[in-house]
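A.B. asks: These protein sequences, in sequence, are chains A and B.
Numbering-wise, the numbering used here puts 29 at position 22 of the first sequence, and it's gapless, one number per residue.
Numbering-wise, the numbering used here puts 69 at position 58 of the second sequence, and it's gapless, one number per residue.
By construction, these hints were calculated from the structure, which means they are not laboratory data.
Treat each hint with caution, since some may be false.
Claimed, not checked - In silico lysine-lysine, DSS-like type, Cα no more than 25 Å apart, as pairs:
id	chain 1	residue 1	chain 2	residue 2
1	A	Lys111	B	Lys94
2	B	Lys89	B	Lys73
3	B	Lys73	B	Lys55
4	A	Lys111	A	Lys77
5	B	Lys26	B	Lys73
6	A	Lys33	B	Lys55
7	A	Lys76	A	Lys33
8	B	Lys22	B	Lys89
9	B	Lys55	B	Lys89
10	A	Lys111	A	Lys76
11	B	Lys55	B	Lys94
12	B	Lys73	B	Lys22
13	A	Lys111	B	Lys55
14	A	Lys77	B	Lys55
15	A	Lys111	B	Lys22
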Amino acid sequence: SQQGEEDPQALSIQEGENATMNCSYKTSINNLQWYRQNSGRGLVHLILIRSNEREKHSGRLRVTLDTSKKSSSLLITASRAADTASYFCATGYTGANSKLTFGKGITLSVRP
Amino acid sequence: EAGVAQSPRYKIIEKRQSVAFWCNPISGHATLYWYQQILGQGPKLLIQFQNNGVVDDSQLPKDRFSAERLKGVDSTLKIQPAKLEDSAVYLCASSLDVGIPRTQYFGPGTRLLVL
Chain A
8 SQQGEEDPQA
18 LSIQEGENAT
28 MNCSYKTSIN
38 NLQWYRQNSG
48 RGLVHLILIR
58 SNEREKHSGR
68 LRVTLDTSKK
78 SSSLLITASR
88 AADTASYFCA
98 TGYTGANSKL
108 TFGKGITLSV
118 RP
Chain B
12 EAGVAQSPRY
22 KIIEKRQSVA
32 FWCNPISGHA
42 TLYWYQQILG
52 QGPKLLIQFQ
62 NNGVVDDSQL
72 PKDRFSAERL
82 KGVDSTLKIQ
92 PAKLEDSAVY
102 LCASSLDVGI
112 PRTQYFGPGT
122 RLLVL
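If we strip away everything but chain B, and leave its shape as in the complex, we get (with noise of 0.2 Å):
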């Protein structure tokens, strides 16, 4: 079974320039997240979808970045503009839409540097 893929694995970017990562899940996983890990930090949450709905979008900072999962399946995550704070790695996961509590699915994650 293939894991989650994530593009590209490393970006390296000046602020106020913009930014696309994407993710493909897990086949068959209706739910993907994307989290931010700032270094020394655990993943934060920042967008919950459930096929092509939003679930969670509380800790996503709207005025810069943005996520879209259009045919339910793989998404993309943007920011515009970036920002130095925003240097972290972004993880895609992917869970099995049957059940709580569910195991999600980590891609290798992007690393992205804002300078």
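Excised from the complex, chain A in its bound form (with noise of 0.2 Å):
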């Protein structure tokens, strides 16, 4: 299967801490973006990376990429209370036009 595996399946954490989500995948890639769900709730788009490069910032997020390892993690700096939701990594093949392909996503939850 060319979906994206997230790891670890669920993660606790406490307000403040950091959190560091991984996502490893099988087949080469043309970019992987990192989707955040919250309970009940539709996909909000959080960070892109293209397959040539290996670290990108948005705000409190970081992502990078390995390629050889075919791995990506991302980090959610001074987690909050509402960063509690469900985490995606979707990957894009090419010649697969602009399909993603979701892996099963990590719940984080951050305690107050």
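Make the complex out of the two chains shown on their own, each in a separate frame, by following the hints.
C.D. replies: See below:
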């Protein structure tokens, strides 16, 4: 399967701590994106990294991509209770139009 | 800018009944996607439209699911007849038809329960 696999499946941290989530995939990608889903809501795009990029930042988010290991990490610094949500990595493949393949997601709980 | 609109938000039906979901994408977005998200899993693409043409429907169970986007704007996804395993959230997303990769913008979803 081309589907990305996130790790861990669930993560519980204290407010103010950093949260690191990982995603691995199996075949060469064109890009990798991270999305957040709050309970009962649609997905919200967080950040996109292309296959020729190694690191990107957006506010408290930092994403890295290691194409040799076929893996990506999403770091959320100084977490807040409002960061409690499910996080999904989605991979895009060359020749697949704009199609994305989503992983099963990571459930992040940030305790106040 | 208005987001992706979906209706209804919730639907409960009995197996073998029919159901339809509606989606209105962000204005100007030529590409529209329908996803199925089963509880505890990530979204699975059912069908992708570019304007009113189908780009990818490889994972659409065509014996019971159908979708259309007649005027290249809003879209309808239908299930006929529904099965218990169709219980899921059906998400609609849209994106600009400019370049790859593209960011997808999601609607709130329709939560379907088949009894």
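A.B. asks: For every hint, state whether the structure bears it out.
C.D. replies: Status of each hint after checking the structure:
no., hint, result
1, A/Lys111 / B/Lys94, "23 Å, holds"
2, B/Lys89 / B/Lys73, "10 Å, holds"
3, B/Lys73 / B/Lys55, "15 Å, holds"
4, A/Lys111 / A/Lys77, "17 Å, holds"
5, B/Lys26 / B/Lys73, "17 Å, holds"
6, A/Lys33 / B/Lys55, "17 Å, holds"
7, A/Lys76 / A/Lys33, "9 Å, holds"
8, B/Lys22 / B/Lys89, "13 Å, holds"
9, B/Lys55 / B/Lys89, "16 Å, holds"
10, A/Lys111 / A/Lys76, "20 Å, holds"
11, B/Lys55 / B/Lys94, "17 Å, holds"
12, B/Lys73 / B/Lys22, "21 Å, holds"
13, A/Lys111 / B/Lys55, "10 Å, holds"
14, A/Lys77 / B/Lys55, "21 Å, holds"
15, A/Lys111 / B/Lys22, "24 Å, holds"
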